[in-house]
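Q: Here the structure of chain A is known, so what remains is to put chains B, C and D in place on it, guided by the hints.
So the chains spell out like this:
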Amino acid sequence: MSSVSFRKLEKSYGALRIVKGIDLEIADREFVVLVGPSGCGKSTTLRMLAGLESISDGEIRIGDRVVNRLPPRERDIAMVFQDYALYPHKTVYENMAFSLKVRGVPAAEIKPRIAQAAEMLGISQLLDRKPSQLSGGQRQRVAMGRAIVRRPQVFLFDEPLSNLDAKLRGQVRTEIKRLHQAIGTTIIYVTHDQVEAMTLADRIVILKGGEIEQVGTPDEVYNTPASVFVGGFIGSPAMNFAKGRIQGGAVAFDGGSSIPLQSRSAGPAGALEGRDVIVGIRPEHFLPPGEGQPLTGRVQVVEPLGSDTLIHFALGPSTLTARVAPEMRPIPGDTLSIGVDPTRIHLFDAATERALV
Amino acid sequence: MSHDTPANRSLFSGKPLRILIGFVLVMNGMFPALWILFTSLKTETELTLKPITWLPHAPTIANYLRAFTDQPLLLFLFNSFMVALLSTALTLFVSVLAAYALARLHIRGRDLILSAIIAVSTFPLVTLLVPLFEIMRALNLLNTWIALILPYTVLSLPVCTLILVSFFEGIPRDLENSAMIDGCTRLGALFKVVVPLAAPGVFTAGILAFVNSWDEFLLALSFNSNPMLRTLPVGITLYQGEFAFPWPVISAALVVGIVPVAVLIVIFQERVVSGLTSGGIKG
Amino acid sequence: MMSKKTMKLLLAGAALTLTASAAMAQTNLRVFVSSQHRPDVWRKAFDMYEAKNPNVKVTIETGGNTSEAQAQYLNTVMTAKDSSLDVMILDVIRPAQYAAAGWTVPFNDVLGADADSYMKRYLPAYAEANTVDGKVVALPAFADAMFLYYRKDLLEKHGIQPPQTWDELAVAAKKVTESEKDPNLQGLSFQGKAIEGAVCTFLLPYWSMGRQLVSNGKLSFDKEAAVKSLKLWKDFVDQGVAKKNIAEVATDDTRKEFQAGNVLFAVNWSYAWGQFQGAESAVKDKVGVVKLPAVQGGQPASCLGGWEWGVSAYSNNKTEAQKFVQYLSSPETSEFMAINAALLPQFPDVYTDADVTKAVPWFANARPVVETAKARPVTPRYNEVSDIIRTTVNAVLAGQSTPEDGATQMEGRLRRVLR
Amino acid sequence: MATASETTLVTPRNESGTKWWTRFLDPSERTLALLLLLPAALLLALIIVYPVCRLVWTSFQNLSLTSGAPAAFAGLENYALMLDDPVFWETTWNTVLITLITVPGALLVGLALALMANLPFKRKWPVRLSLLIPWALPLSFAGLIFAWFFHSEYGVVNDVLGRLGFEGVIWFNSARWAFAAICLTIIWKTSSFMALIILAGLQTIPRSLYEAAEVDGAGRLRQFFEITLPLLKASIVVALIFRTITALQTFDIPFTMTRGGPGTSTATLAMYIHQNTVDFLDLGYGSALAVVMFALSMGVTAVYLRMIRAKG
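Residue numbers (our numbering), protein chains in the order written: chain A, 1 to 357; chain B, 1001 to 1283; chain C, 2001 to 2419; chain D, 3001 to 3312.
Same shape as in the complex, but just chain A:
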């Protein structure tokens, strides 16, 4: 078990820069999730760590070792691939035993290790099957089992749940979390799904265009998104954004409504006077009518979810979504007056899209 660190990590193909100088320290036993949209460089970063991709510049350390030039087999890592990469001609047992056999672990030792791992994952009865005879969830578990038996310093997961259906995904997610709690090995996990990131991670690293947008615990990235991008990426339904301007200690929206700046955003308000901003409001942070600061708009679509109701309404040129109590069922076309908690709005600079304050 070991820490991992990236220093000014770069990857480029010719003129194309995929990873642009990533600095990241991952502590021993930490569960870090790299998350971002496709093309953000998260997979490339993981593959560079695994040694499957060469490093253009910078440095990767696992523990105290610089591993830049080491082949994968010498990095003491294990990896779970998106398509699981199970050897189709080998049985589950052989798949799990392969890396140990290659490393010359004596047969007498291999058997109990596999038995233990299989036990932990509940695949003991599958050991004699070929991958083609397994269901998607079972394959996923075998792929993890193959990684576990190695007892590596670091586990790498490359979008391991993307080939599973929604229900299984939730189930396996829990298992991965339990697994980490049980064995405690450092895990670096790549996904494009913010829910996975939020539920699994000790720390989330949000990547965009080959650069780190924000690093933080799930709470940090949720509550204090560093940019419009992070705000929009984390949370579901996504954060609402509306353009506005700071006027007289309040945010004036293009449509005419305004919200006074209070508490934490009140401090520097004076300094912001007259600036164009983007206001972010999470759908779940709207308040029932009559509470907080009122906002008025025209109801466009109403989606009852059972547990909540989603109301899409127009605020000036923007459309906002609010998650409200299930009883609330306005009629499309109506004018809606809804409350906003002024302490829970996010302000971003309109030009740089970085968080203000």
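Treat the hints with caution; some may be incorrect.
[Said to hold, decoys possible] Now the in silico label distances, taken between C-beta atoms and shown as ranges:
id : chain 1 : residue 1 : chain 2 : residue 2 : range
1  : A       : S132      : D       : R3306     : 19 to 27 angstroms
2  : D       : L3100     : A       : R103      : 34 to 42 angstroms
3  : C       : T2059     : B       : G1170     : 25 to 33 angstroms
4  : C       : E2180     : B       : L1085     : 58 to 66 angstroms
5  : D       : M3307     : A       : D64       : 36 to 44 angstroms
6  : B       : A1119     : A       : D165      : 36 to 44 angstroms
7  : A       : D165      : D       : V3056     : 57 to 65 angstroms
[To be verified] Quick list of in silico lysine to any residue cross-link-like pairs, SDA-like style, CA-CA up to 20 angstroms:
id : chain 1 : residue 1 : chain 2 : residue 2
8  : A       : K8        : A       : K208
9  : C       : K2218     : D       : L3229
10 : A       : K90       : D       : L3231
11 : B       : K1192     : D       : E3029
12 : A       : K8        : A       : G216
13 : C       : K2052     : C       : F2336
14 : C       : K2244     : D       : Y3154
15 : C       : K2081     : B       : A1138
16 : B       : K1050     : C       : E2257
17 : C       : K2256     : B       : L1049
18 : B       : K1050     : C       : K2256
19 : B       : K1192     : B       : F1093
20 : D       : K3122     : B       : F1093
21 : C       : K2256     : D       : Y3154
22 : C       : K2135     : D       : G3068
23 : B       : K1050     : D       : E3153
24 : A       : K90       : D       : L3229
25 : B       : K1015     : D       : E3153
26 : D       : K3124     : B       : V1026
27 : C       : K2181     : C       : Q2239
28 : A       : K8        : A       : E211
29 : D       : K3122     : B       : I1021
[Claimed, not checked] Listing some non-contacts, in silico: residues in chain D with all C-beta distances to chain A over 12 angstroms:
id : residue
30 : L3038
31 : A3071
32 : L3108
33 : V3300
Hints were generated in silico from the structure; no laboratory data involved.
For glycine and all other residues, C-beta sits at the position ideal for the given N, C-alpha and C.
A: Coordinates of chains B, C and D only, in the frame set by chain A:
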């Protein structure tokens, strides 16, 4: 995905080795044809020089003129072309129908028929030389194109049918259903909707059938002994006279024979590869 | 197709009216001519016939470059009972085969009682080759035989007479090649490749020992003579008289090498003479030609060549075709072809004809050779017999089997075929 | 036909306005299936099924077209003759030998070519083309071209050997060398087909398997033997079946290179069948030979099929 892994680099460290391997590959495939091209441009005198010359000293096209005048090479080309074309057309027609039936219609014993087709594709046609010779003789077809077209069709039929079955199976059934709802007959749907959509497959099968026919030697040698009805491979092989074996002229004729298929291959290389590997088989 | 149809119509018309005069019915004759035997000159002979017989139209068909290829073509035409060919030229080895298969019509009906005297006019070997069981199955087109060509200049230089026996030839060859010190000069070139010529290669010494391969349709194989014959040739190779890769040498290779001045003695057919004396030849006027040597104590023997005219059994114009063939096989045509195409005459008298001797003087030397020439075995299964002999000769010369093994194998295989 | 009858028939229209001939265009599924399969069935019947029956029948007959005699039942005579025929044994042995040498040979060369062609070349088409050209080249052309390569005096092979300091070989003057030349030519001609099939197989192996193996610690060689080869098995078996069947039919290349010489030392069974049929017109004997070859290739197919089935 990129192949530029550290491991890859360690073994084939970059360009030089890869270029060398590429060169070996290209030479393996092209050298014989290239050499024959060089030979065809040499004079008979240069050809008997020792040590032999590699590149022609004074390239001449005289051998090509002789290739066309000494023997009816154009006629051989024409025979080969027509036999290949007609047998390809017949193969496609027959195999489109059969493949459609196998891919789309509910037939009892479908798997049995498919295995039978695979079995036929491994059939050694050589062994049928005698009975085919007799049948062609009885039907008065010796020394006609038909004597070759019929067996060639059967030669390519299994392969083409298998390719087409897999292509037809890839076409959504609903397209056809919707065509029939829109007013097509079943056969109309086949020819107006399915065949055009399977065009790449039909095309691939067609090229394979064409090359199969173009290359065939034994039956052409045995059934069409009339020099006027010879196909290219037979015609060129029998260029050697009672007394002489005119190498430069034969080389020129070979080049003429290679060019059409080479052009076909260059234009349709990807199709051919996909056809070969999607069930197309030929030694 | 069209012409066949019209022809049928014409025939039907003639049959219906019955009154139509012969002059009105046009006969189309289709003639197959070997492409290596001057079809251009034959065409002229055909033209002359057409001029005299305006109701006959002759079309020519050529094809195949070798006797084998031509036989293959005719095989398919005949087995298909195709009526499109009326007359075909046949290698001398084939009339017996074709007669046995029933592919040609005998001439006895046209010749009537005179058949015997008619055939007596030809060189005896040709009368014999074209008569099967008393039936005249084909008529000779021209003659040919194998000759020994030699370098007159070199023999004179070393004071050597043309050899009478193969042993003398070996001695002479060794003497000349050793003193000439020309690494390119071979003592003897003959046909060792597995072609029809190799059959003659085997038979020359075998016949010279007075042996026959087939008598009265039965195999009369003399193994001892066969071993000797094979050994004779193999010894030439082993002693360096003939070159090492003689098993690759075909008829025209012998011709080319001799013509380039690289060969002292060469065994070859008559066509080579014209080429040796041609403008491109390095040995023009330095060539002598004699009959082939004999084995010690034997008689000299040559291999009978030449081609014959046969009429297809499936022809629709058999009578006209036979008449036409009689013209083609006449002394006049023979003389015409001798003068214009240098084809050896099938009539003894034509050799001494003044016009012929003027045009091709060396024919005077050729006649005695043709007269000693023997016909290859007459059997319906000649193709198989030929294949057995030539592959054996080829194998022995390539060192693939010993003369003894070769002869044993040959005998075994011949017995199977001629069972 | 249809148009001709249409003009002479009064075509009754039914209520829905469809014409009488739509019955043929919209037949029941079963009928349609049969109709569609009919042309193929007819062709196969004419060119395969009937000839096979006829082949077996003729092999029990005395039928030589040069004898002029009609066919006569001969029982097992042709087969008895065959057992006693040294050329039959020699050509059969040659055929088997060619198969035993060129099939594994083409497989190994083809595997090497495929592995090389699978490298990440910037331009793929020259590589693809250089595998396709030998495949598309007629076998007889390959034979002619290589006959010229192996020419003892003017061939490029002896020239290269000479430059490397070896003595040239008179290839076609010795059974052993001629056989070697033929086998080399066949291997060259057929290996690219093998390579194409294997290359396609290679490209279906997911890259992630190699990455997994890499992470698991397997080296290149280990990856090849533990992943590549086992996963190529299916394509290799398919390629092997067809290559073996065609190797048993070898005709074009020895025919164009040596005509079976020297002697009959490089003749194959297919050449002997052809010779007996076309040159000697001994159809009875030719048929008996063909029956043997037929049995041989059916045997091979059966063995392979069993292999495939046994290993799943």
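Q: Please work out if A:K90 and D:L3231 have their alpha carbons no farther apart than 20 angstroms.
A: 10 angstroms, holds
Q: Need the status of pair B:K1192, B:F1093: alpha-carbon distance at most 20 angstroms?
A: At roughly 14 angstroms apart (the allowed maximum being 20 angstroms), B:F1093 and B:K1192 satisfy the hint.
Q: For the range 58 to 66 angstroms, tell me whether the beta carbons of C:E2180 and B:L1085 fit it or not.
A: Between C:E2180 and B:L1085, where Cβ atoms are some 59 angstroms apart, the hint holds.
Q: Within 20 angstroms, alpha carbon to alpha carbon, are B:K1192 and D:E3029?
A: This hinted pair holds, its Cα atoms lying about 19 angstroms apart.
Q: If you draw a straight line from the CA of C:K2256 to the CA of D:Y3154, is it 20 angstroms or shorter?
A: 16 angstroms, holds
Q: Taking 20 angstroms as the top limit, are the C-alpha atoms of C:K2052 and C:F2336 close enough?
A: Holds, at about 16 angstroms.
Q: Compare the distance between the alpha carbons of B:K1050 and D:E3153 with 20 angstroms, and conclude whether the hinted pair is satisfied.
A: 8 angstroms, holds
Q: At 12 angstroms, judged by beta carbons, does D:L3038 keep clear of chain A as stated?
A: For D:L3038, whose nearest Cβ neighbour in chain A is about 39 angstroms away, the distance exceeds 12 angstroms, so it holds.
Q: Could you say whether the range 25 to 33 angstroms given as a hint is met by the Cβ separation of C:T2059 and B:G1170?
A: 56 angstroms, violated
Q: Per the hint of 57 to 65 angstroms, is the separation of the Cβ atoms of A:D165 and D:V3056 within bounds?
A: About 58 angstroms separates the Cβ atoms of A:D165 and D:V3056, which means 57 to 65 angstroms holds.
Q: Within 20 angstroms, alpha carbon to alpha carbon, are A:K8 and A:E211?
A: 10 angstroms, holds
Q: Between B:A1119 and A:D165, does the C-beta distance stay in 36 to 44 angstroms?
A: This hint holds: roughly 41 angstroms between Cβ atoms.
Checked against the numbered hints given earlier, the structure breaks hints 3, 5, 9, 20, 25 and satisfies all the rest.
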